[in-house]
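Knowing the structure of chain A, use the given hints to seat chain B on it.
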Amino acid sequence: MAEVKVTKEKKVELFTFLLKSRRLEERLIDMTTQGEIAGWLHPNLGGEAVGVGVTAALEPKDYINNTHRGRPIIVTKGVPLKRFLLEVLGKKDGPCGGIAGEMHYADIEYGILGTQGLVGANIPLSVGFALACQIKNTGQVVVSYFGDGAVDEGNFHESVNMASVWKLPVVFVVENNRWAQFTPQACTAAQPDIWRKAEAYNMPGLLADGADVLAVYQAAAEVVDRARRGEGPSLLECRFNRWLGHYIGDPQKYRDPKDIEEARKIDPVTKFQEQLLAEQILTAESIEKLEQEIKAEIEAAVDFARNSPPADPADVFNNIYV
Amino acid sequence: MRELNYVRAINEALREEMARDERVIIIGEDVGLSGGSFSASRGLFQEFGEKRVIDTPISESAIAGVATGAAMAGLVPIAEIMFMDFITLAMDSVVNSAAKMRYVFGGQFKVPIVFLTQGGGGLSAGPHHSQSLEAWFCHTPGLKVVYPSTPYDVKGLLKSSIRDENPVLFIEHKMLRVKDNVPEEDYTLPLGRAEIKRPGSDVTIVTWGQLYYKVAAAAEKLAQQGVDVEIIDLRTLMPFDLETILESVAKTNRLVIAHEAVKTGGFGAEIAASVMEAAFDSLDAPIKRVGAAFSPVPWGPAMEAAVLPQEADIIAAVKELA
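From first to last, the protein sequence lines stand for chains A and B.
If you read the first sequence in numbering that gives the first Met the number 0, its first letter stands for residue 0, the second for the next number, and so on.
If you read the second sequence in numbering that gives the first Met the number 0, its first letter stands for residue 0, the second for the next number, and so on.
Chain A with its partners taken away, still in its complex shape (with noise of 0.2 Å):
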């Protein structure tokens, strides 16, 4: 297969997302320590080049579904960061009215089909929009995305096979950070090359660093481009090792510190950062010119979204029935 040609400015454009991922990341965790964001935070420093390597190969009209740990892929698709706060923030004017919060983010408007709080539902229902682009013939690619735990679930074998049957617009993605949960994958998977299961639904198979922004990003366009083309869906594994626990708060006490840290000398945003400096794309400069618009982008949307009007109570029964 031809290696994917990435323009300095595609380059720059995924950095942009990878710090903003990161920034927004930080930003949140501290606002769920300090007790501002209601519920469960699953963090996901670390693992933010593959939700913007992925996303970052869609086109604006292609869909993408999400997991818990979804910033990236909430920033590569575009949301402006004040209508994610909103949501975030359990505002009245969220995309989904307060009701869904961070964690089941959808945003139609972007393209995004939110998260499902069952590992794995989403295979399914992203199948089920690529089963209606290729009815409707839309030309749009839908990325199911879930992590390395989902893979065990029944929906993702009777999904996958359904979508390599019916030669879907879909990419299968997904993003191992080796745990599930507290358990790690060593201790549930038969298989832990999950790209090899690809075999068994006659579809490609495709492993990617996943704390290589290019590589991630190349492999999905790649397989966005062959189920555009209408050849199929394909399954792209993303692999890094989760840098925090499962959500802000867990002690992580079932792992060993010298994994963890292990974990940390791997960060995704500071190595493709070297490597556009020495690319000479960006410059120091340039990098702190970024970072300043960056933290300015976020504190004005968490001022934003701050100030707005609360979810109103006497809303939530809306939605239940059309």
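If you only want the chain B side, here are some residues facing chain A, beta carbon under 8 Å, derived:
#1 S60
#2 N95
#3 N165
Quick caveat, the hints were computed from the structure, so don't treat them as lab data.
All residues carry an ideal CB built from backbone N, CA and C; glycine is no exception.
Then chain B, alone, in the frame of chain A:
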């Protein structure tokens, strides 16, 4: 007027709706080439093609989930679950996805889907092909539940269910092969509206599905003994037509609820409690429930009859009140 049996009424409703609206598709096991295990989709594959009448693998969770995704993406899928007993395998897709996707995402999506299934006993089909599980779904906000008893009601209610923009569980009873006058032209019947199938003055019996015919036979025998029964065929269980029941009870002052499902925790309990809350003073006697014994449905014919409610059980319940 032309007579049509129950399953031909289903078939005709499906055909007319598919011809009326190109968004309508049928998806399920054996629905296509073979025309369906119970012939409900006979001829539709030939008439509308493989893109709209889709044979699937034996994958109930994906059938229901893919259909839900396709509904969110703008199609109007009819997802057939061959036996209601198999819906356990699709439970997550029905209860956590179809029923909730509009609500959780703040009304961004509609989920116009019909889960078409067939339940009930009487065919020596054994414990995994004979159950009546409708109460489970009435307990789930976001779903509608329809269970008609006559071919006339089937055609009108199935067409309404397909046109409804909410997820509808539409249950047929496998023993219903009765014929009825069914108009050839297009007509719909409103969801949520019961029908008084036999007016009477002494005792109200609320029922649905195939048990209606046993109730009707019991009513004729009771009439010969001087007891005038009013039969309400509920037709839609969620939302259910409490108003019609209350009007009837205000007249008869006595209520029996008869359903084929297990009596314990059955939907009859919800109706009884609702009538007690709304019209305790109208009641001259305790509300009686007739339902299956607290038992799985056995295979042997005599054993099965010992578990499922019979005409004699209905007569006995009425006589306790009258």
